[in-house]
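Peer 1: Each chain, letter by letter, is given below.
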Amino acid sequence: MSAVTPIDLPVDEEQKKTLTRGERKVENGFAKGTKRRLTSRGATIAALVIAVLWTIPTFGLFISSFRPANEVRTTGWWTIFSNFGLTIDNYVEVLGSGNSQLTLAGAFINSIAITLPATAIPLVIASLAAYAFAWMDFRGKNMLFIAVFALQIVPIQMALVPLLQLFSRGEIFGFPVITAFGSAGYAQVWIAHSIFALPLAIFLLHNFIAEIPAEVIEAARVDGAGHGQIFFRIVLPLTMPAIASFAIFQFLWVWNDLLVALIFADGAVAPMTKLLAEITGSRGQDWHLLTAGAFISILVPLLVFFSLQRYFVRGLLAGSTKG
Amino acid sequence: MSSFLQWLSTLPPLAQVPIIIVAFLALIGILIFFIEIAPRRGRVYTIARLAACVLIPLGILAVLESYPVAIIAAGVLGLLFFWFDYRSSEGAGYLFQLFGFLAPAIVLLAIGLVVPTIQTTIQAFQNARGDSFVGFDNFVWIFTQPQAVRTVLNTIIWVLIAPVVSTIAGLAYAVFIDKSRGEKYFKILVFMPMAISFVGASIIWRFVYTARPADQEQIGLLNQIVVWFGGQPVSFLSVDPWNTIALIVVLIWVQTGFAMVVLSAAIKGVPAEQMEAAELDGTNAWQRFINVTVPGIRSSLVVVLTTISIASLKVFDIVRTMTAGANNTSVIANEMYTQFKNFEAGRSAAFAVVLFLLVLPIVVYNARQIKKQREIR
Numbered sequence: 001m002s003a004v005t006p007i008d009l010p011v012d013e014e015q016k017k018t019l020t021r022g023e024r025k026v027e028n029g030f031a032k033g034t035k036r037r038l039t040s041r042g043a044t045i046a047a048l049v050i051a052v053l054w055t056i057p058t059f060g061l062f063i064s065s066f067r068p069a070n071e072v073r074t075t076g077w078w079t080i081f082s083n084f085g086l087t088i089d090n091y092v093e094v095l096g097s098g099n100s101q102l103t104l105a106g107a108f109i110n111s112i113a114i115t116l117p118a119t120a121i122p123l124v125i126a127s128l129a130a131y132a133f134a135w136m137d138f139r140g141k142n143m144l145f146i147a148v149f150a151l152q153i154v155p156i157q158m159a160l161v162p163l164l165q166l167f168s169r170g171e172i173f174g175f176p177v178i179t180a181f182g183s184a185g186y187a188q189v190w191i192a193h194s195i196f197a198l199p200l201a202i203f204l205l206h207n208f209i210a211e212i213p214a215e216v217i218e219a220a221r222v223d224g225a226g227h228g229q230i231f232f233r234i235v236l237p238l239t240m241p242a243i244a245s246f247a248i249f250q251f252l253w254v255w256n257d258l259l260v261a262l263i264f265a266d267g268a269v270a271p272m273t274k275l276l277a278e279i280t281g282s283r284g285q286d287w288h289l290l291t292a293g294a295f296i297s298i299l300v301p302l303l304v305f306f307s308l309q310r311y312f313v314r315g316l317l318a319g320s321t322k323g
Numbered sequence: 001m002s003s004f005l006q007w008l009s010t011l012p013p014l015a016q017v018p019i020i021i022v023a024f025l026a027l028i029g030i031l032i033f034f035i036e037i038a039p040r041r042g043r044v045y046t047i048a049r050l051a052a053c054v055l056i057p058l059g060i061l062a063v064l065e066s067y068p069v070a071i072i073a074a075g076v077l078g079l080l081f082f083w084f085d086y087r088s089s090e091g092a093g094y095l096f097q098l099f100g101f102l103a104p105a106i107v108l109l110a111i112g113l114v115v116p117t118i119q120t121t122i123q124a125f126q127n128a129r130g131d132s133f134v135g136f137d138n139f140v141w142i143f144t145q146p147q148a149v150r151t152v153l154n155t156i157i158w159v160l161i162a163p164v165v166s167t168i169a170g171l172a173y174a175v176f177i178d179k180s181r182g183e184k185y186f187k188i189l190v191f192m193p194m195a196i197s198f199v200g201a202s203i204i205w206r207f208v209y210t211a212r213p214a215d216q217e218q219i220g221l222l223n224q225i226v227v228w229f230g231g232q233p234v235s236f237l238s239v240d241p242w243n244t245i246a247l248i249v250v251l252i253w254v255q256t257g258f259a260m261v262v263l264s265a266a267i268k269g270v271p272a273e274q275m276e277a278a279e280l281d282g283t284n285a286w287q288r289f290i291n292v293t294v295p296g297i298r299s300s301l302v303v304v305l306t307t308i309s310i311a312s313l314k315v316f317d318i319v320r321t322m323t324a325g326a327n328n329t330s331v332i333a334n335e336m337y338t339q340f341k342n343f344e345a346g347r348s349a350a351f352a353v354v355l356f357l358l359v360l361p362i363v364v365y366n367a368r369q370i371k372k373q374r375e376i377r
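Those sequence lines, one after another, are chains A and B.
Residues 1 to 323 (full-length UniProt numbering) make up the first sequence, in order.
Residues 1 to 377 (full-length UniProt numbering) make up the second sequence, in order.
Please keep in mind that the hints were generated in silico from the structure rather than gathered at the bench.
Treat the hints with care, since some could be wrong.
[Stated by the list, open to error] The calculated lysine-lysine pairs, modelled on DSS-like cross-linking and capped at a C-alpha distance of 25 Å, are:
no. : chain 1 : residue 1 : chain 2 : residue 2
1   : B       : 341       : A       : 17
2   : B       : 371       : A       : 25
3   : A       : 141       : A       : 16
4   : B       : 372       : A       : 141
5   : A       : 16        : B       : 371
6   : A       : 17        : B       : 184
7   : B       : 372       : A       : 16
[Stated by the list, open to error] Reference listing, derived: stretches of chain A covered by chain B, where coverage requires no fewer than 3 residues with Cβ under 8 Å from a Cβ of chain B:
no. : stretch
8   : 64 to 76
9   : 119 to 126
10  : 138 to 145
11  : 159 to 173
12  : 228 to 242
13  : 247 to 257
Every residue gets a Cβ at the ideal spot worked out from N, C-alpha and C, and that includes glycine.
Given only the sequences and the hints, what does the whole structure look like? Please build it.
Peer 2: Here's what the structure looks like:
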């Protein structure tokens, strides 16, 4: 489970307006019309204190990861100026360490190989379903949609073990149904992540797809486009921003996940989170390695976060402001 | 399928990525093509639809290397579906399109979430090997073993502390930085932990908590502060019950950013006129905050609290990485995994069910909200 979850719970109409208004203000820049500073000096100092408190732990990790092993082990990182020394040896060493099957460098590659398909596949499947929920009529549509929505809050712990049995033995309820492919590389992690992402993805994408003006869809239909073309030529391009912002979440979710990896990605296909958790257990006092390893693992999410921050915030609010 | 995946797994990892994505997109492309031509009139299209109805389910099960009986049954069901579709009141092909859009998601959800949830529930009433029913034994075990009771209690402590503290911290921060200079950068600093994995956050905080013997220099920041104030270094992660609080701090550190971003947007959305009116009435900042801002963002507050509550109920990575449940820090999600690793399938499932029961009220409440919203439209 990752730290990032878009808010996906419904709020009332009034609040939806409030949030949308606020979001717009955030996006248009704050300065407009509010040149006058309204906060007091005390509040600013309190904010500064919180900001520093929140940043120092990460900062300490960052500094320590560049200090020589011996220094990290014996002196605090805040004494960096009295015990000066910078090195990248920690990074070289940690990339080569791991367990008998895998090094951290290999785990980094695994993380990429797991994350990209596990982001693309559920997005496509979910946007198909979201289209049907938004623009096609059928009996029981509301019930089915609510059922899908409810599934996203069900803890995935409920599904892990039986799903593992399906992959490794091909069984459902003890009856063999398919040929097992449990040991075949990344396949089971991809499928597991795709399934677990679906409920939230369908719900959020539906909210965006339902916002497309009915006239646009109607016009396309009059011009003779079927549902396939409408989906591919109109809905997909129009909802690209929403898909992009959900893609960021799914990417971070899979990249940062530990639980699904522990169950479905064993041995040589384990991602970085799993290997790091393992190293923390076995070499918990080797801080020069842990700090460097942790920093490598958070580097990619931080890059994604800083470069795509705007989509991030928009996606975060989407579950409540849209639909 | 299994041989394709076996072959795929022999390739270098980064070569597998484009292959699987292209193969998947090709399948979806074919599906969309059939959806597009499905409603067209004419014998050719009817035959194409018939072929798709029978061959696709048949093909999928064949590729999955299921049993011949199942493969044939899938084909027959497809035929039946074609007939239903042909007689459908919305015109032939409508059901086909609907199925094309929905089936991949619904089938995956059924196989991957609905059926396993049922299986886990059944397993919770079975013994460790899953071959005989033991009634409520596993639940009795959870609620009588001191260790297991402690696990449940810890989870409740998480839910009581983490959401409230992160929401208050996030709200306070959002108010403090509202309309201040450099608000954007202030936000980034507190928001950043959200992008970090729980595993990364756990290592960051383990480092903050590290303790070394009193006669040596401290390398953990928190213990250094304790020593500066003349105290003895404390091993924060092993002193029961404060170690659970030390773990909760990590979740608060991560979730405050989330609360702050959502509440900040809500605060900015509170109509300026209301604030000005209150100001004209001569209220001070605190009164304005309590009487105007808080009622204006109440619904957002509830959503933030609920979201973080769900996150704290399911918390796993933090406990796993920092203590693995040692020294009475275990929580339900961690214990579920530990029991699974110890081949105690029944107890593991029972823990999962307890977790499910704890989130159930939240599921029901929100499902009703959604239902209400959809009925209004």
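Peer 1: Which of the listed hints are not met by the structure?
Peer 2: Violated: hints 1, 2.
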